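K.L.:
Chain by chain, the residues run as shown.
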Amino acid sequence: MIAQTDVDALAEQVPDGALLALPPDYSFVPMALIRALIRRGVKDLHLLAVPISGLSADLLIGAGCVKTMEAAAVTLGEAGLAPCFTRAVQDGAIRMKDSTCPAIHTALQAAEKGVPFMPLGGVIGSDIVKYRDDWKVVDDPMGQGGGRILLLPAITPDVALVHAPLADAFGNVWVGKRHELFTIAHAARTTLATYEELHDGDLTADPVLSAGTIPAMYIGALAQAREGAKPLGLAGRYVIDMDHIRAYAKEARTQEGFDAYLKREVLGPEAEAAS
Amino acid sequence: MTTGAYSPEEFLIATVTRLLPERGNAAIGAASPIPGAAALLQRELTGGAFRVSLIHGVTNNPFTDGGRELFDAAGQGRIDVFFLGGVQIDGQANLNLVGTGDYPAVDRRFPGSFGSAYMYFTVPRVILFRPEHTRRVFVEKVDFISAPGVSPPDVRRRGGPHALVTELCIMMFDRARARFRLESVHPGRSVEEVRDNTGFDFDLPDRVPTTPEPEPERLDILRARIGREVAGTYPDFAARVLGYRARATG
Numbered sequence: 001m002i003a004q005t006d007v008d009a010l011a012e013q014v015p016d017g018a019l020l021a022l023p024p025d026y027s028f029v030p031m032a033l034i035r036a037l038i039r040r041g042v043k044d045l046h047l048l049a050v051p052i053s054g055l056s057a058d059l060l061i062g063a064g065c066v067k068t069m070e071a072a073a074v075t076l077g078e079a080g081l082a083p084c085f086t087r088a089v090q091d092g093a094i095r096m097k098d099s100t101c102p103a104i105h106t107a108l109q110a111a112e113k114g115v116p117f118m119p120l121g122g123v124i125g126s127d128i129v130k131y132r133d134d135w136k137v138v139d140d141p142m143g144q145g146g147g148r149i150l151l152l153p154a155i156t157p158d159v160a161l162v163h164a165p166l167a168d169a170f171g172n173v174w175v176g177k178r179h180e181l182f183t184i185a186h187a188a189r190t191t192l193a194t195y196e197e198l199h200d201g202d203l204t205a206d207p208v209l210s211a212g213t214i215p216a217m218y219i220g221a222l223a224q225a226r227e228g229a230k231p232l233g234l235a236g237r238y239v240i241d242m243d244h245i246r247a248y249a250k251e252a253r254t255q256e257g258f259d260a261y262l263k264r265e266v267l268g269p270e271a272e273a274a275s
Numbered sequence: 001m002t003t004g005a006y007s008p009e010e011f012l013i014a015t016v017t018r019l020l021p022e023r024g025n026a027a028i029g030a031a032s033p034i035p036g037a038a039a040l041l042q043r044e045l046t047g048g049a050f051r052v053s054l055i056h057g058v059t060n061n062p063f064t065d066g067g068r069e070l071f072d073a074a075g076q077g078r079i080d081v082f083f084l085g086g087v088q089i090d091g092q093a094n095l096n097l098v099g100t101g102d103y104p105a106v107d108r109r110f111p112g113s114f115g116s117a118y119m120y121f122t123v124p125r126v127i128l129f130r131p132e133h134t135r136r137v138f139v140e141k142v143d144f145i146s147a148p149g150v151s152p153p154d155v156r157r158r159g160g161p162h163a164l165v166t167e168l169c170i171m172m173f174d175r176a177r178a179r180f181r182l183e184s185v186h187p188g189r190s191v192e193e194v195r196d197n198t199g200f201d202f203d204l205p206d207r208v209p210t211t212p213e214p215e216p217e218r219l220d221i222l223r224a225r226i227g228r229e230v231a232g233t234y235p236d237f238a239a240r241v242l243g244y245r246a247r248a249t250g
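So the protein sequences, as listed, match chains E and U.
Residue 1 is where the first sequence starts when you use the working numbering, and the numbers rise one by one after that.
Residue 1 is where the second sequence starts when you use the working numbering, and the numbers rise one by one after that.
Just so you know, these hints were derived from the structure itself, not from any lab.
Do not rely on the hints blindly, as some may be mistaken.
What the hints assert, rightly or not - Using 16 Å as the maximum straight-line C-alpha spacing, the simulated EDC-like pairs for lysine to aspartate or glutamate come out as follows:
hint	chain 1	residue 1	chain 2	residue 2
1	E	K177	U	D65
2	E	K130	U	D143
3	E	K67	E	D44
4	E	K177	U	D102
5	E	K97	E	D16
6	E	K250	E	E265
7	E	K97	E	D140
8	E	K130	U	D102
9	E	K43	E	D202
10	E	K230	E	D243
11	E	K67	E	D16
12	U	K141	U	D201
Predicted, not measured: the structure shown is a model, and the values here were computed from it.
So that you can see chain E by itself, here it is in the shape it has in the complex:
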């Protein structure tokens, strides 16, 4: 059994200054928990997008919760640039650690295996390498004629956040084929999960569901949050609310506009009651 709590109590478990891993917008983002984190006034976060992010990172950045951002990209997709991210980088308000998608996956895989670094092909000659003093290019140390190769240090997030369609009373969390959430949970010190529905039974005992289940040993705490990914989508349950995302992209073009959004959708009494 594992502690069941509520979303705001879950948000209390993310310490200021944490290295926080976020799934990409298409992959089960716990938006209700993100809003609760902003309400709790979390500070100095180091965000890791796995490997890209959108609305969740943009809200945290706009609300002043973020110190550094590591990502292969931050974007609102078809709705355009992520306005707070763009403004914060242009103004120097956050430090951006530019990466590339497979580098983030690979660094998490190193953490999954408990090894200090992992090689990755390609990338050499990209200016990304030039500005990452934590990355290293070496001659193929195995002497197999592979030429130069990039080494990436393992990334161990302090906390990973996921939203799942199902969880059970034992603390197992079902995410289906979204296996990047497995990688995030395996690599992070702890994972905080919200979920839509409580599954009656043990997810790991079900021969079909177990293949998509993150076992409880990786989960620190969980809380139910119905429609907890909205306004983003949750595959198989609800689709992304593009009208909301487009309206956000427009409103948050100025800090004043963003503040109005924040007050209405995140901090306001209605938003609090709905979470």
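Start from chain E and add chain U according to the hints.
P.N.:
What follows is chain U alone, placed relative to chain E:
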């Protein structure tokens, strides 16, 4: 169905489709609806021999092992075609997806490099797609190299740039010479217009053909069958360009 007229997007879809092989695996990123539609059209035309994965798609996304699977597959050589763009692209096919100005203090910040720094090395046929053909995009030297067009011999590299498609023309890339060559100019456009709007030097054959117009039967297939296929991934594009609106179901 009327096929005499076509939209600029439909023209570009038909143009990109002709650059695709008869078989193999294509992967399409999230911000690439025109290449996505082109690849799905090629899949229809080849009876499925050309396979397509929309990597962020709810549908047409066969990957089951998370975000890393595409990159692992590409690293093994299982992905044959990929599409990339750029805020800036230069004459050596270097791509900038990060921002303009003096990095890290950029003047204008864009989303970031995505997987470009890796896919450009691992996928044999990368097609560069950037409709806006201006000197703002096609520069002499990019401000930030997200992904280099060519590499020295001591860097292992299977993949790289194959062709560039813009609103004005098609260019092919010669990796040995690290230069673009003008392949064809779209109907109603001129070589001079291409030259005036390109900030880098490129090879110019004596005679430059005109890019063919979309084949009517392909336009029919595109309009009848592809909107539904892309709607799950590019809902705005499916509605606006292909006239398809998905029902908002859970």
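K.L.:
Next step is simple, just say for each hint if it's right about the structure.
P.N.:
Do the hints match the structure? See the list:
1. At roughly 6 Å between alpha-carbon atoms, E:K177 and U:D65 fall within 16 Å of each other, so this suggested pair holds.
2. Taking the CA atoms of E:K130 and U:D143, the gap is near 13 Å; set against the 16 Å cutoff, the hint holds.
3. At roughly 5 Å between alpha-carbon atoms, E:K67 and E:D44 fall within 16 Å of each other, so this suggested pair holds.
4. Of the pairs offered as hints, the one joining E:K177 and U:D102 is violated, with about 41 Å between alpha carbons and a cut-off of 16 Å exceeded.
5. Pair hint E:K97 plus E:D16 does not hold up; C-alpha atoms about 19 Å apart against a cutoff of 16 Å.
6. A hinted pair counts as satisfied when its Cα atoms are at most 16 Å apart, and E:K250 with E:E265 qualifies at roughly 15 Å.
7. Distance check on the hinted pair: E:K97 and E:D140 sit about 26 Å apart at the alpha-carbon level, beyond 16 Å; violated.
8. Using a Cα cut-off of 16 Å, the hinted pair E:K130 and U:D102 holds, with the two alpha carbons roughly 14 Å apart.
9. For the suggested pair E:K43 and E:D202, the alpha carbons sit about 37 Å apart, so the restraint of at most 16 Å is broken.
10. A C-alpha spacing of about 12 Å is found between E:K230 and E:D243, which places the hinted pair at or below 16 Å, so the restraint holds.
11. Taking the CA atoms of E:K67 and E:D16, the gap is about 10 Å. The hint holds against a cut of 16 Å.
12. In summary, the hint linking U:K141 to U:D201 is supported, as the alpha carbons are separated by about 11 Å, within the 16 Å threshold.
Hint compliance for this structure: hints 4, 5, 7 and 9 are broken, all remaining hints hold.
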